[in-house]
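Assemble the dimeric complex from its two separately framed chains, guided by the hints.
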Amino acid sequence: MSTTPVMSLKPRGIKWDRVALYAVLLLLAFMFLMPIYVMLINSIKPLAEIRGGNLVSFPLEPTLEPWLQAWSLAQIGVEATGLKPYFANSFLMVIPAVLISTALGALNGYVLTQFKVKGGTLIFGLVLFSVFIPFQIVLIPMARLLGELGIAGSVKGLILVHTIYGIGFGTLFFRNFYAAFPQELVKSARMDGAGFFVLFWRLMLPASLPIVVVNIIWQFTNIWNDFLFGASFSDYTSYPLTVALNNLVSSSTGVKEYNVHFAGAFIAALPTLVVYIVSGKYFVRGLMAGSVKG
Amino acid sequence: MATLHINGVSKSFGDVKILHDISLDLADGEFLVLVGPSGCGKSTLMNVVAGLEEPTTGQVTLAGRDITHLPPDERDVAMVFQSYALYPNMTVGQNIAFPLEMRKVPKAQRTEAVNHVAAMLQIDHLLDRKPKALSGGQRQRVAIGRALARQPSLFLFDEPLSNLDAKLRVDMRAELKKLHMRHGVTTIYVTHDQVEAMTLGTRIAVLKGGLIQQLATPMELYERPANLFVAEFIGSPSINTAKATVSDSGEVMLGDAAVGVKLDASLAHTDVIFGIRPEDLRVSPLDTPGAIHATVALLEPTGAESYVLIDTAYGEFTLRMPGPGEFVVGQQLAVSFDAAKVHVFDATTELRLG
Chain E
1 MSTTPVMSLK PRGIKWDRVA LYAVLLLLAF MFLMPIYVML INSIKPLAEI RGGNLVSFPL
61 EPTLEPWLQA WSLAQIGVEA TGLKPYFANS FLMVIPAVLI STALGALNGY VLTQFKVKGG
121 TLIFGLVLFS VFIPFQIVLI PMARLLGELG IAGSVKGLIL VHTIYGIGFG TLFFRNFYAA
181 FPQELVKSAR MDGAGFFVLF WRLMLPASLP IVVVNIIWQF TNIWNDFLFG ASFSDYTSYP
241 LTVALNNLVS SSTGVKEYNV HFAGAFIAAL PTLVVYIVSG KYFVRGLMAG SVKG
Chain C
1 MATLHINGVS KSFGDVKILH DISLDLADGE FLVLVGPSGC GKSTLMNVVA GLEEPTTGQV
61 TLAGRDITHL PPDERDVAMV FQSYALYPNM TVGQNIAFPL EMRKVPKAQR TEAVNHVAAM
121 LQIDHLLDRK PKALSGGQRQ RVAIGRALAR QPSLFLFDEP LSNLDAKLRV DMRAELKKLH
181 MRHGVTTIYV THDQVEAMTL GTRIAVLKGG LIQQLATPME LYERPANLFV AEFIGSPSIN
241 TAKATVSDSG EVMLGDAAVG VKLDASLAHT DVIFGIRPED LRVSPLDTPG AIHATVALLE
301 PTGAESYVLI DTAYGEFTLR MPGPGEFVVG QQLAVSFDAA KVHVFDATTE LRLG
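As you go down the protein sequences, you meet chains E and C in turn. Number 294 marks the last residue of the first sequence (the working numbering); no jumps. Number 354 marks the last residue of the second sequence (the working numbering); no jumps.
Since the hints were derived computationally from the structure, they do not count as laboratory data. Among these hints, one or two may not hold up.
What the hints assert, rightly or not - When the alpha-carbon atoms are kept at most 25 Å apart in a straight line, the in silico SDA-like pairs for lysine to any residue are as follows: (1) K256(E) x L107(E); (2) K187(E) x P71(C); (3) K130(C) x F200(E); (4) K130(C) x S153(C); (5) K187(E) x S153(C); (6) K177(C) x E159(C); (7) K116(E) x G39(C); (8) K187(E) x L263(C); (9) K187(E) x G58(C); (10) K281(E) x S83(C); (11) K116(E) x S83(C); (12) K130(C) x L47(E).
Predicted model only: the values in this text are computed from it and were never measured.
The shape of chain C in the complex, shown without the other chains (with noise of 0.2 Å):
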């Protein structure tokens, strides 16, 4: 059983500490997302986990196996990485063959192995080229079979899919899921892209500064996002906010209007962020009651669907609407929106409140 188990991992290069004591779990088979910005430390815990640093305090044990202190080659764990990482003097099958020849895999069985991963990834046409000679696409590939024909317990992806063009990174996206489901190796995916990691994960865990945000499924993430950090990176185009202050008796106030969530009593006075995602706002009469009056700023249609730029007395909120809508920039228009959708954080603390 694959499980992997990260107790307290911290690391400091120097007087700078990445990672700030991040513990997680994993279950056998499961897909996690390390998903945060750029240097927020989730390819140092990635090279934690693989072996290539050390962590300065704090515990990996893998399947039951502490390996906290294991070179890279030990672990049973294999890594794509970002930039493919083939190397250009050998051919293909000479590639995804090498990691067998260190463990001195006789060859009958490297090239059996070989084969078998060359025509599950559709590159065995491909065998005897050498990587300069292969498109982006097809190396990812190679990349991705060089660290299945290791059969490990645990795979590491460290950003694979950014270095590909936009089509071809939703194509492998799919083919990286489809086969995660056939072979059902632990993974622990690396990306900055929250899409990906909305449609891979089975669970995210969002970093930022060295600190796990929130650790949950993808749809918990966008429903019920933790901080207002989570709320704004999960969902695209990015959940619209505004300041919001708390009545006497706790009812969430936009300006003068009540957005229609109560809070705690206890809460009055405090100086709240008001968020609603894009998809969650809805164009309704100009009379509607408790519907905020906004101008149109910019449209933006993206073929399927539209987003709309909207001044409103609160901010600059974007609205996302099915087709090619029919706006006009200047249009007077108001926007609702329902409550159960509305999310309220802390302004000073950024946490969730309700």
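Chain E extracted, bound-state conformation (with noise of 0.2 Å):
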């Protein structure tokens, strides 16, 4: 190695704090992408290969069989349709519940910010203690109130769980980043003659993308990944694909088809791995962003 003569605060040689660091992060990395590897290594690996032992080996002859088992052919409870119509309840559940929760998070937020409500403090307080109650605890309650409402084992059900769950946290959010909001831009828009809805339609909620972009990931994530009100609150007509793959890992008789299960676990797992792909720099940013600048 040739060196030149330059002067260098730095000392030569391997630094060993380098080498140790890149060493645990590679490591971590190995073992969290491990069983993705798995995952999809043996979802498109015929099923012989698989019986033939070796989970980690590459496949002999990839095939996506298993995929299209997984999404249109397998056999989900009673009915052999694959995860399809499951991914759809699942969609249908999520985008309702999470929009009506943004907006009523946003509305909480604004309201609990912008105006002195009398024990504002205590309602925040309770709120935010929604969030904290575990799930469990609410099963039975809720499942009474969707009996007397009538949408018990529907879709429609598990959009209104989600929903009451979702204000909470979205409420949360909304309430920390509108108390951060400049003060003059609300001054001014009053002054201006900008009324409830005028104040938060027009000024408030345009200028707080990022943290609708924050709220929509995190109750989309939670949302689509649920599986105990699924499990709970849902008949075989509204399964969504959380409770379906489930129920397809369990249904299989005879022979563990374990190449369309990793299919099946796959599909589910996209769309939330998409939203963090596209939108995940906008999860952090959107944390972080305290106010505008106006």
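Below is the structure:
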């Protein structure tokens, strides 16, 4: 190695702390990626190869048949429809729930920060508290409520459940964001004659894109991945994808078709993966965004 | 006639009293400057007039209407904020049109008003830009445009030039003055900068601790400050002060020398404060009778003039001289002054005497 005579303040030679850092990072990356690798690799192998034993080896005859099976042909419960209809169910459930809970969270945050509400702090405290309630406690009362409303076992019922749960976090995110909103903008709008809804709709909401993105990502992930509410409050017409996946795995008779199961699991994970890849950086940005310069 | 009457307005936040019984009257077209140090209550008073705060006691009347408890948008008052408060998601044109939109003005009229105001403030080429694409001075003009478009009875400016750099501040100050001369809208202008106060106001209200210290024209504040605070606040560099006494006959004495100001004999033996502005001190020959002897401590040339800090027997004084000044640090000199330019204040009450 040729060295040019240059003044250097850094010690020469191998930097051991760097090596250690990279080693740890590589190890962690490996640990996280390994299961995904195993899943992917085995989802494109024919069953014979899987039975052959080596989970980690590359497929000799890769095939997309398991994916096709998982999507539209596999046995789920009593129907051989694959995951497709339940994929649709999940979307039908997630999208309205995310939109409604975001809207309500935003409205709550707006009211709690821009208006002097009697007991406002207490209300916020209670809403915050709801975030920490374990889902299991709510199962029986919620089942009763859905029954009385006549929407038990339907996608509508799931939408209601997830919306209610989403309001807690939504209020938290938006309230903190709006608390840091520049007050002079609000004063100016008030002086210009903006009323309750105009102030919200035309000024604060358009300026809160970062936190809307945060909320959407958060709610989407939580609602899409939820299993408990899905399993408790849906029937065979309204299973979300998570429940259907579980049924897929447990309704195979005789031979366990691991390749199909892996493909199914991947299909279930894909949307949240896509959401994070597309908007992940906005998540951090949105959480960091305190206010808007106007 | 957009006359404004503020009667006995007090404002407390819980136990803290910010404004103490403020009363002032503005004639139509007057430009009143509220000036004072941070925390003196000037912004609070503005907010009460604007309708963003309710006064604890007192009334505000504008053009004959009692607006004390009206919501801000019903008061016919427009405000320009220190941070401009431009709506970030709207274009410049939409920003200016917003108050008109809230009043349900038809679109054609709105566009006309926006174009008219934009042409006047020379921002018509910016109408489609968003605020974040504008410079500070441009944003300032959009904020003023938005207030102008409403054609209100009263303008409120809350330290609008504080966020601008020094040169732009001077330029915008002149523009604001020209704007007022052209439109003659009654204005209240809040600032902590006394140069802005002096150049812009037809009258100035100096506030401290929620009380009006003096309400007068700029020249009157400068030449006859009502108390020590006003004397020290107005004028840059600050007035020079020194402890002084009053002789048996009422002569104000700085040390052993009489300064040439005679007060009423009843004030004999009171402790007073002697004040003379830096621009009223003249360098004179060392043997001039009644001159104060001093040593040069520091020179601050600013181009057109210099500020010379001198050590005297009575404390450190500042002297203002045209040109670069030919002094060196440590030089001995003598300064004298015209008795008519001397300000005398009671040492305890700080009120003006004589």
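Item checked: Straight-line alpha-carbon gap K187(E) to L263(C), limit 25 Å -> Answer violated: K187(E) to L263(C) is near 51 Å, above 25 Å.
Note to self: Hint check: K177(C) vs E159(C), CA-CA at most 25 Å. Holds or violated?
What the structure shows: holds, 15 Å
Margin query: Check the hint pairing K187(E) with S153(C) against an upper bound of 25 Å on the C-alpha distance.
Written below: holds, 19 Å
Notebook entry, point to check: Going straight from one Cα to the other, do K130(C) and S153(C) come out at no more than 25 Å?
Noted result: Roughly 28 Å between the alpha carbons, so the hint for K130(C) and S153(C) is violated.
Note to self: Tell me if the straight-line CA distance from K116(E) to S83(C) falls inside 25 Å.
What the structure shows: Holds: K116(E) and S83(C) sit about 24 Å apart, inside 25 Å.
Notebook entry, point to check: Taken at face value, is the distance from the CA of S83(C) to the CA of K281(E) at most 25 Å?
Noted result: Not OK: K281(E) and S83(C) at ~29 Å, beyond 25 Å, violated.
Note to self: Run the distance test for K256(E) versus L107(E): straight-line Cα separation, threshold 25 Å.
What the structure shows: Measuring from Cα to Cα gives roughly 49 Å; hence the hint is violated.
Notebook entry, point to check: Taken at face value, is the distance from the CA of G58(C) to the CA of K187(E) at most 25 Å?
Noted result: Given that 25 Å is the threshold and the Cα spacing comes to 22 Å, the pair holds.
Notebook entry, point to check: Taking only the CA atoms, is the gap from K130(C) to L47(E) under or equal to 25 Å?
Noted result: Violated: K130(C) and L47(E) sit about 60 Å apart, past 25 Å.
Check: Are the Cα positions of K116(E) and G39(C) separated by 25 Å at most?
Finding: holds, 24 Å
Notebook entry, point to check: Holds or violated: are the alpha carbons of K130(C) and F200(E) at most 25 Å from each other?
Noted result: Answer holds: K130(C) to F200(E) is near 19 Å, not above 25 Å.
Check: Straight-line Cα separation of K187(E) and P71(C) no greater than 25 Å?
Finding: holds, 12 Å
Violated hints, listed in ascending order, are 1, 4, 8, 10 and 12; each of the other numbered hints is respected by the structure.
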